[in-house]
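Add chain B to chain A, keeping to what the hints say.
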Amino acid sequence: MNSKPASSLERVKESVMRILRTREIPVATAFVVLVAVTAFVNPRFLAPQSVKDLMLNATIIAILAAGQSIVIISRNVDLSVGSMLGISGFAVGTLFVAFPEIPIPLVFVSGIVIGAVLGAANGFLVAIIKVPSLVITLGTLYVFRGINNAWAGGTEYFSGQRPKEFGDLSVETIYGLPIITIMALVVIVSMGIFLSRARSGRDYYAIGSDPAAAELFGIPVAKRVFFAFVLSGALAGLAGVLWASRFSSVGARTGLGVELDVVAAVVVGGVAIFGGSGTVIGASIGALLLTTITSSLTAVQVDKFWQQAVVGVLIISAIVIDRVSALRAARKRKGERSNV
Amino acid sequence: MSNSKVEVVNENKLDKGSFFAKAWERVNKRDLFLLLALFGVIILNSISIPNFSSITTVGFLLMDVIPILLLALTTALIIISAEIDLSIASIVGLSAATIGSIIQRGDDMLIAAGAALLVGLIAGAFNGFLVAYVGLPSLAATIGTLALYRGLALVVIGDASVGNFPEEWTSFVQGRSELTGIPFVIPVVIVMIVWAIIVLHASPLGRGLYALGYSKEAAKFVGVNVEWTKFVLFVASGLMASIAGLYWVLRYGSARSDSAAGLELTVIAAVLLGGVSIFGGRGTIPGVVVSVMLIAVVTYGFRLQRISDVILVIITGLLLIASVVGPNIYQKIREKLDSSSRNKKASSVQ
Chain A
1 MNSKPASSLE
11 RVKESVMRIL
21 RTREIPVATA
31 FVVLVAVTAF
41 VNPRFLAPQS
51 VKDLMLNATI
61 IAILAAGQSI
71 VIISRNVDLS
81 VGSMLGISGF
91 AVGTLFVAFP
101 EIPIPLVFVS
111 GIVIGAVLGA
121 ANGFLVAIIK
131 VPSLVITLGT
141 LYVFRGINNA
151 WAGGTEYFSG
161 QRPKEFGDLS
171 VETIYGLPII
181 TIMALVVIVS
191 MGIFLSRARS
201 GRDYYAIGSD
211 PAAAELFGIP
221 VAKRVFFAFV
231 LSGALAGLAG
241 VLWASRFSSV
251 GARTGLGVEL
261 DVVAAVVVGG
271 VAIFGGSGTV
281 IGASIGALLL
291 TTITSSLTAV
301 QVDKFWQQAV
311 VGVLIISAIV
321 IDRVSALRAA
331 RKRKGERSNV
Chain B
1 MSNSKVEVVN
11 ENKLDKGSFF
21 AKAWERVNKR
31 DLFLLLALFG
41 VIILNSISIP
51 NFSSITTVGF
61 LLMDVIPILL
71 LALTTALIII
81 SAEIDLSIAS
91 IVGLSAATIG
101 SIIQRGDDML
111 IAAGAALLVG
121 LIAGAFNGFL
131 VAYVGLPSLA
141 ATIGTLALYR
151 GLALVVIGDA
161 SVGNFPEEWT
171 SFVQGRSELT
181 GIPFVIPVVI
191 VMIVWAIIVL
201 HASPLGRGLY
211 ALGYSKEAAK
221 FVGVNVEWTK
231 FVLFVASGLM
241 ASIAGLYWVL
251 RYGSARSDSA
261 AGLELTVIAA
271 VLLGGVSIFG
281 GRGTIPGVVV
291 SVMLIAVVTY
301 GFRLQRISDV
311 ILVIITGLLL
321 IASVVGPNIY
331 QKIREKLDSS
341 SRNKKASSVQ
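Just so you know, the sequences run in chain order A and B. Position one of the first sequence corresponds to residue 1 (my numbering), numbered consecutively onward. Position one of the second sequence corresponds to residue 1 (my numbering), numbered consecutively onward.
Looking at chain A on its own, in the form it has when it is part of the complex (with noise of 0.2 Å):
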């Protein structure tokens, strides 16, 4: 695009702008300003096994945002992701239960090849039958949600029938590292280059900013849609089994409405709404926050009640900065062109 020659002090000054411009960067400041005034009303906040517990609350919604937000770039949505970890995490139960002597990366495996498989319907019916994912991921979320309960009843699998290395991922630190969240972290990190390096990576952008253009410029937009609800699955799946491994129980009721949580994380973490722009790092960053500000408050000893209205307000306020920077990029870029 920028064909004409600029000298090395403008482009070193273009990326140093590039870099505060970019959408993580608000998130990233609200979330360190809140640990730092977390930590200076309340030093223990930052106790090693305070932040290994702020880490393990993130890690399993940071991997929900990190599946959604592909699909959210696509200008899709997928509600059903509460209803396939609750899916997979009840497997896990049963597998555990079952064999007893499992290899745990079977366990895994299983976990996500259930959710990519339950997310291969929606892909299905989304880019192939193209009808709303809107719509779909309700309906799947309603449909997963009735297997899940046909299939566990009033059964519930504890901790104590799990074998202890399983439970141990989410106890056992490497370089004060909980396991699973080493695990999301490589996630994460290999998705952001995914869909930021790869080619395949960079059309979702393309769909989401504007599918029938897309689809004229040769983009195969239905595969890409598809694979993405096919990862939102697996990634859901995938966070149903740390579920299993996080929490002393896997029932019917698992994972029930985590799906309006893990937008909202998407939201804040500024992936726009109707697609097209945001990243998996921003994701993941929002979803550190949302799940910080609980402890947070806590820590400051705000009434517990208050917990949820802080947190409502910190979701508009954020999609409120995302709209005035919008809006203000959108004025100064038509002020460049009429200069030109």
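For the record, the hints were derived by calculation from the structure and aren't laboratory data. Quick caveat, the model's predicted, so the values are computed rather than measured. Where a beta carbon is used, it is the ideal one built from N, C-alpha and C, also for glycine. Among the hints, a few may not be true.
Quick look at which bits of chain B chain A covers, simulated, 3 or more residues with Cβ under 8 Å [as the list claims (entries may be wrong)]:
id, region
1, 145-153
2, 272-280
3, 321-335
Frame of chain A, contents of chain B only:
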């Protein structure tokens, strides 16, 4: 994405013969299909389930369907104008919590009810302000207020559960005719349905909503005040949610901060099943009302057969998916047939 919007609302009926043909033209075929399905399910249930056709069924079915029905009316108006309001169930919870806390202090029920409606009005106005005047996408903004209003409900009432509402209020809301089983509040609900039908199908505002759903620019061009219309819509939605909240506490005899949690998706599912397009511009109130009743009758029937409640959500989901996938496949087949017949008569112009 939405080739359905190209459909022009039947305008070529000028030279179509008789009055009946014209009337038939105006009947929405999809609504008719849903209505037939509703009658079919009622008849099937009456034959196959021993206790289905009874006064008790009529009473409990209607009493449980009322909050969803009320919320579906305004939600339909909002989705037809291509917006969405995810915060309705939280407003139900917030107004329930408001009523609970005022009753807990020993104040009069009338004050509590008034305060609840005021809360709904303000909550709706805030949504409307964010969407219409700040220009936020409603999907994102109302996820935020969903969390905010539910959070405020917690602030107002904490984890308390307030009961003991005045007898005369609860007995009116829970009362049913002994002869037919129809709840006493049904006339009020019918008035609201008629209001929604008039607003959408027989008023300039309603035509404006369809126009908004088709295209914002076009709506502006034909003189719709886009911002104001959207603002009013969200206020109406908030007010309706607080009416549903008032009903909720009196019907179930308790006000809690988590009243009606998660109900927003049930309502939206019913509205979409009723033929309202998620992209806006298409849908009718009768269709939505029939669809709410259809889901209620199907679930009630299964419940009488001791099929667990939690499994029943599958039905809501499958109905919803079928309602969008069915017409899509039907249209695709038709297009294929059309194009092959068009190839034969090369003269046809679209």
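Mind checking, does the region 321-335 of chain B have 3 or more residues with a CB under 8 Å from chain A? Since 5 is at least three, the answer is holds.
Count the residues of the region 272-280 of chain B whose Cβ falls closer than 8 Å to any Cβ of chain A, and tell me whether that reaches three. holds (count 3)
Do three or more residues from the region 145-153 of chain B put their C-beta atoms closer than 8 Å to C-beta atoms of chain A? Check passed, 8 qualifying residues.
In summary, the structure agrees with every hint in the numbered list given earlier.
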